Amino acid sequence: MKYSHLLSDCNICPRKCGVNRLKGEKGVCGVIGENVKIASFNIHHGEEPPISGYNGSGTIFFSGCNLKCVYCQNYPISQMRYGKEYSITELAEIMLNLQDRKAHNLNLVTGNHYIPQIIEAIEIAKKRGLTIPIVYNTSGYDLTDTLKLMENHIDLYLVDMRYSNDEFAVKYSSAPNYTEINRQAIIEMYRQKGDLKTRKDGIAKSGVIIRLLVLPDNISGTRKSLKFIRNNIGTDIHLSIMDQYFPTYKAKKFPELNRKIYEREYGEIVEFAEKLSLTNGWAQESVIRGDYDKS
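The opening position of the sequence shown corresponds to residue 1 in UniProt numbering, with each subsequent residue numbered one higher.
Treat the hints with care, since some could be wrong.
Taking CB as the label site, the calculated pair distances span [to be verified]:
1. K227 / P176: 21 to 31 Å
2. N258 / D201: 37 to 47 Å
3. G202 / R101: 33 to 43 Å
4. R264 / R230: 20 to 30 Å
5. R81 / N165: 27 to 37 Å
6. G194 / E274: 32 to 42 Å
7. F254 / D201: 39 to 49 Å
8. E167 / R191: 21 to 31 Å
9. R199 / E256: 42 to 52 Å
10. T248 / K275: 27 to 37 Å
Here are the simulated lysine-lysine pairs, BS3-like style, with alpha carbons at most 27 Å apart [as the list claims (entries may be wrong)]:
11. K127 / K37
12. K84 / K250
13. K84 / K2
14. K2 / K193
I should point out that these hints are in silico values taken from the structure, not numbers from a laboratory. Predicted model, so just to flag it, every value in this text is computed and none were measured. Even glycine gets a Cβ: it sits at the ideal position worked out from N, Cα and C.
Please model the entire structure based on the sequences and the hints provided.
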């Protein structure tokens, strides 16, 4: 394996567990060995419009996660690690298969614990004819040094901004220092790819889209995140403000999380974004005013 040294003393994510995954030692993500574990791969139509387009996005859902969110909607995949193992060569073949099925892009979902394998698979696939854009779809708990390894392999970043309060990040996702790590990661992503650029038909070619999942009782601290975005990224960035939170997995153990968000809570966040001139992107059931760069 070309990048095996990154797994023998694993420090590819902010956990910096230092375990030798090649010898079966487990860190926080719980994955071992050279293979990747994948829950599913298919054409997906539920992403933001420039990602899903009209043909769909070629999503690859990786098993495991370096976060431990008590409300994770995909917990059988992320926490219980359901899936099937594939070799790096097989992962490259999956990428080419999705391209053959006319996917607009490859959408690598929660793969930051498999970055060495992913990079190698992309290199193999490109030698065999992979040309569609590659989306790194992430919780945003990423090291900037690891992101730099991907600069020439990734075209689009679809990144969460989950918290602006580290106390909540630890309590609900066991993610120490999430806020600073996430913000530095997004600054690095934006340095690499900049604002969203699309083809003339609106399909994404490159850039960054930031996702903000609104949690009950301002647990996500979305207003602070929006202020950070305006002050440190700018007002041309595209945002996806999401209202689909619902209590699942272990969320019912936390009364403050044991409900859906109110329409008022969500509407206030959308209005706040507009007041900050963050008007490019998408809100649920509606579109935040703005347009994309179609260069």
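Right, here's what the structure says about each hint:
Our hint of 21 to 31 Å for K227 and P176 holds, since their Cβ atoms are close to 23 Å apart. Checked against the hint of 37 to 47 Å, the pair N258 and D201 passes, with Cβ atoms roughly 43 Å apart. Between G202 and R101 the beta carbons are some 20 Å apart, a value that contradicts the proposed interval 33 to 43 Å. Taking the beta carbon of each, R264 and R230 are about 23 Å apart, inside 20 to 30 Å as hinted.
Checked against the hint of 27 to 37 Å, the pair R81 and N165 passes, with Cβ atoms roughly 28 Å apart. At roughly 22 Å, the beta carbons of G194 and E274 sit outside the given window of 32 to 42 Å. The hinted window of 39 to 49 Å between F254 and D201 holds, with their beta carbons roughly 44 Å apart. For E167 and R191, the hinted distance range of 21 to 31 Å is satisfied, since their beta carbons lie about 29 Å from each other.
At about 43 Å, the beta-carbon gap between R199 and E256 stays in the expected band of 42 to 52 Å. Range check, T248 to K275: about 32 Å between beta-carbon atoms, so the 27 to 37 Å window is met. Note on K127 and K37: the hinted pairing holds, with a Cα-Cα distance of about 23 Å set against a maximum of 27 Å. Proximity of K84 to K250 is assessed by CA-CA distance (about 25 Å); at most 27 Å being required, the pair is judged to hold.
Among the hinted pairs, K84 with K2 is consistent with the structure: their alpha-carbon atoms are about 22 Å apart, no more than 27 Å. Proximity of K2 to K193 is assessed by CA-CA distance (about 25 Å); at most 27 Å being required, the pair is judged to hold.
Comparing the model with each numbered hint stated earlier shows that hints 3 and 6 do not hold.
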